[in-house]
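K.L.:
Here is how the chains run, residue by residue.
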Amino acid sequence: MSDTQASSPAPIAQHDNTKMGMWLFLGGEVVFFVSLILLIIFYRLTNSAYEAQFRSHLSIPIIAINTFVLVTSSFFVVRALEAISFKGDQKGLRNNLLVVIVLGLIFLGGQAFEWSTLFSEGVDYASTYGTPFFTVTGIHGTHVFVGIVWAIYLLVGHRRRPMTQDNHLAMENFGLYWHFVDIVWIVLFTVIYLV
Amino acid sequence: MESTKRPNYLLIFIILAAFTLIETLVSYVDQATIRLPTLVILAGVKALLVLLYFMHLKFDSKLFTYLFIPGCIVVIPLILIITIVMPLID
Chain A
1 MSDTQASSPA PIAQHDNTKM GMWLFLGGEV VFFVSLILLI IFYRLTNSAY EAQFRSHLSI
61 PIIAINTFVL VTSSFFVVRA LEAISFKGDQ KGLRNNLLVV IVLGLIFLGG QAFEWSTLFS
121 EGVDYASTYG TPFFTVTGIH GTHVFVGIVW AIYLLVGHRR RPMTQDNHLA MENFGLYWHF
181 VDIVWIVLFT VIYLV
Chain B
1 MESTKRPNYL LIFIILAAFT LIETLVSYVD QATIRLPTLV ILAGVKALLV LLYFMHLKFD
61 SKLFTYLFIP GCIVVIPLIL IITIVMPLID
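Heads up: the protein sequence lines correspond to chains A and B, in order.
So for the first sequence, the working numbering puts the first residue at 1; every next one is plus one.
So for the second sequence, the working numbering puts the first residue at 1; every next one is plus one.
It should be emphasised that the hints constitute simulated quantities derived from the structure, not laboratory data.
Zero decoy hints are in this set.
Partial chain B-side listing against chain A, Cβ under 10 Å, derived:
no., residue
1, Leu10
2, Ala17
3, Thr20
4, Glu23
5, Val26
6, Arg35
7, Leu36
8, His56
9, Phe64
10, Pro70
11, Gly71
Simulated coverage check for chain A against chain B, where a stretch passes if three residues somewhere in it have a Cβ under 8 Å from a Cβ of chain B:
no., segment
12, 35-48
13, 60-73
14, 175-183
Cut-off 30 Å, straight-line C-alpha distance, at most; resulting in silico cross-link-like pairs (BS3-like, lysine-lysine):
no., chain 1, residue 1, chain 2, residue 2
15, A, Lys87, B, Lys62
16, B, Lys58, A, Lys87
17, B, Lys58, A, Lys91
The beta-carbon is built from N, C-alpha and C at its ideal position, and this holds for glycine as well.
Given only the sequences and the hints, what does the whole structure look like? Please build it.
P.N.:
Pasting the structure below:
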């Protein structure tokens, strides 16, 4: 290797390759979720009468609380990453991840409650607005579930091979995924429930 | 993380929570001309805050931004078609 090659800085550290992959994946997820959100918007624009009837079944206060729960979980993900990356605080990482898991489960519980209420009120999955609603919120809920499993995996893996101040990329990648799922919900909350 | 800059995460969280509350209250406003733009702006700001600060896009390598942005650009024609062109066809 020549001196020039040896001294020129790499554009990005080699250990960040998985983080690059995560950002690329999230870029793809943008296309996926925007397509689904547009499906909702399209149904709303073309079925206004039915849409108004469907919206009367939605409980905004409950979903607002659920949104707050997910935003709070994002804050605790940041706290977990801060704990390990700036202080090397293993206990802080573990405790904050546990809170994230609990908040994720509360969010899914809220969504399950909402769905069961809608079903009990006679909202059909196979209806004009029911299909896009349950599809989009269901796929988002699945993403939250995957995030919870990922957080549990990090917790278990952390016990066997603890992350350190210099080696916490797994936590960073998980954080990127969780925050993205949070952003998707911020948009869904507005498009489906509020507008 | 490539930078040691540390934003005030608690402040960002408080802003996000406050915006969520404001959004919820605004959704009960009858006038669509006030409700719609306010909700879109609040949601956009919330999403940007999470993206820039919680996901560290503001402080990390620009390469991550370049990897993420194409996905956002690809969907622009989709958004235009669904929101502007399709309703006109009917």
